[in-house]
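Chemist: Here is how the chains run, residue by residue.
Number of protein chains: 2
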Amino acid sequence: MKKDQFLEMMNFRHACKVFDETKKISDEDFRYILEAARLSPSSFGYEPWHFLVVQDMGLREKLKEHAWGAQGTLPTASHFVVALARTGKTTRYDSDYIEHMMADIHHLPEDARTKRRSYYQAFQEKDFHLLESKRAIFDWACKQTYIALANMMNAAAYIKIDSCPVEGFVADDLNKLLADEFNIDTSVFQAAYMVAFGYRKDPQKEKTRQPLEDIVSWY
Amino acid sequence: MKKDQFLEMMNFRHACKVFDETKKISDEDFRYILEAARLSPSSFGYEPWHFLVVQDMGLREKLKEHAWGAQGTLPTASHFVVALARTGKTTRYDSDYIEHMMADIHHLPEDARTKRRSYYQAFQEKDFHLLESKRAIFDWACKQTYIALANMMNAAAYIKIDSCPVEGFVADDLNKLLADEFNIDTSVFQAAYMVAFGYRKDPQKEKTRQPLEDIVSWY
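Chains as they are written, first to last, in the numbering used here: chain Y, -6 to 212; chain B, -6 to 212.
For the record, the hints were derived by calculation from the structure and aren't laboratory data.
Since we're looking at a predicted model, the values are computed, not measured.
Each residue gets a CB set at the ideal place from its N, CA and C atoms; glycine is no exception.
If a hint is listed, it holds; no wrong ones were tucked in.
Here are the simulated DSBU-like cross-link-like pairs (lysine-lysine), alpha carbons at most 30 Å apart as the crow flies: (1) Lys17/Y x Lys194/Y; (2) Lys(-5)/Y x Lys17/B; (3) Lys200/B x Lys(-4)/Y; (4) Lys(-4)/B x Lys198/B; (5) Lys82/Y x Lys200/B; (6) Lys119/B x Lys127/Y; (7) Lys194/B x Lys(-4)/Y; (8) Lys82/B x Lys169/B; (9) Lys198/Y x Lys(-5)/B; (10) Lys(-5)/B x Lys10/Y; (11) Lys153/Y x Lys10/Y.
Facing chain Y, from chain B, some residues (calculated, C-beta under 10 Å): (12) Leu32; (13) Asp120; (14) Gln137; (15) Val163; (16) Glu174.
With the hints as extra help, turn the sequences into a complete structure.
Modeler: Right, here's the structure in full:
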């Protein structure tokens, strides 16, 4: 049954806090996990993300100083990702990046780009008030990156690779580290989350969730 | 090949703007899609979400007035979901809801709850400055709901059901409608996104994405 397969994948996935250091994900398998991020949808199709794969153990050691939620995974993960989201500088309706996405990736002709830009401007200014603060428009980009997060974790789980999503870091300190040690222009990209991949060392705990009746209402 | 199956699912999924009105998703299949939302992970496991399934065509007509991005899907979708995220009122570290989740869902003993609450407080206050505005903490909850969004759309695509995610609505007007017509306490829940499900009427367009080299950097 296909439905059972999908739910089996979802039940296999859990926040795996420590990985078996002796097991490495193959290049082909990790490329497939990244491909799941790449194919993820995003608002207006603007893909406001970038993924840093951190394999250098010296850099992981530095990340560890600012990421209390990744103490067990940073030293043991086969692959460790820091996901970045775009700031408003390149996601505003009038930015070069948006023009690049519409022209070079979506292949829209100029009249379609003009129309789309005006929709997007109204969406940003009126519908969601995204331009009211740097934080509001950055958080909007972050939301999109969580779709890629879900897809990477599921792609992994589908082939029995474990993962751990991490929000446990000090955002300001991490962004400073990204600027200093990773050459990231933090006026354009800032940290959204981290996610570690590898193979579990310990058995997973029982999954806890609210019952369906508590989270769904019918109209 | 398992990897091909997963990527086939991701390629099947696209923003389906109009559905075939004559085809309905079975109760069992839709329950499975909701189960994918239910099993989704969230920060600290707090599941800050609720899903409204809107099948009443009168209510869909009212939603249509405030959702320019759902003009084709609201009248034709087999099932239409409005996803809500929790406001700070029930996601603050000292809220009853957080206590409920830790005690009744996660089954943590009192000392573990106390410890976890202090971590969560530091996370909210210092690491992410989530308590600096109502918007910041609400957007944080919204990010979690996008994980459930990805999972619902993929669960659907896995069994060849189409979907369309929607951010194209006027947030303030929609929240007012949710209060007036859906009896939602908008001091506790507000709209995060909409997502429609059904079966495609038209063939899907070619998927456009940036190449992997443009969105991934290795360290």
